[in-house]
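A.B. asks: For the sequence shown, my numbering gives the first residue as 1, with consecutive numbering after it.
Hints may be right or wrong, so weigh each one.
Said to hold, decoys possible - List of simulated lysine-lysine pairs, DSSO-like, C-alpha gap at most 30 Å: (1) Lys41 with Lys6; (2) Lys35 with Lys6; (3) Lys46 with Lys35.
What the hints assert, rightly or not - Now the in silico label distances, taken between C-beta atoms and shown as ranges: (4) Thr14 with Lys46: 16 to 26 Å; (5) Glu52 with Gly13: 15 to 25 Å; (6) Gly13 with Asp47: 30 to 40 Å; (7) Ser17 with Asn62: 15 to 25 Å; (8) Asp12 with Lys35: 17 to 27 Å; (9) Asp47 with Thr14: 31 to 41 Å; (10) Thr14 with Arg45: 13 to 23 Å.
Honestly, the hints are just simulated from the structure, not real lab data. The model shown is predicted, which means the values in this text are computed figures rather than measured ones. Glycine included, every Cβ here is placed at the ideal spot set by N, Cα and C.
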Amino acid sequence: MEREIKSIEVIDGTAVSTFAIGNEVCGEVIADIIKYDGIFKLYNRKDELITEVTLPVVVSINEMVKGD
């Protein structure tokens, strides 16, 4: 079993934003969210990095998925 991050909520001042698989950010659809060295990285369907989230993450929702 693997853990897949489905969404994260970040706080920017007084606003809370949600980044989730399937949502669009920077003109790209998020296909994968990976946490690496404490930084959340958002990738598109071509496994290209869209952006890195360095804002404080207040919620991370994970889902257990069956590995290959």
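A.B. asks: Decide, hint by hint, whether the structure agrees.
C.D. replies: Going through the hints against the structure:
no.: 1; hint: Lys41 with Lys6; verdict: holds, 12 Å
no.: 2; hint: Lys35 with Lys6; verdict: holds, 12 Å
no.: 3; hint: Lys46 with Lys35; verdict: holds, 18 Å
no.: 4; hint: Thr14 with Lys46: 16 to 26 Å; verdict: violated, 35 Å
no.: 5; hint: Glu52 with Gly13: 15 to 25 Å; verdict: holds, 19 Å
no.: 6; hint: Gly13 with Asp47: 30 to 40 Å; verdict: holds, 32 Å
no.: 7; hint: Ser17 with Asn62: 15 to 25 Å; verdict: holds, 18 Å
no.: 8; hint: Asp12 with Lys35: 17 to 27 Å; verdict: holds, 18 Å
no.: 9; hint: Asp47 with Thr14: 31 to 41 Å; verdict: holds, 34 Å
no.: 10; hint: Thr14 with Arg45: 13 to 23 Å; verdict: violated, 33 Å
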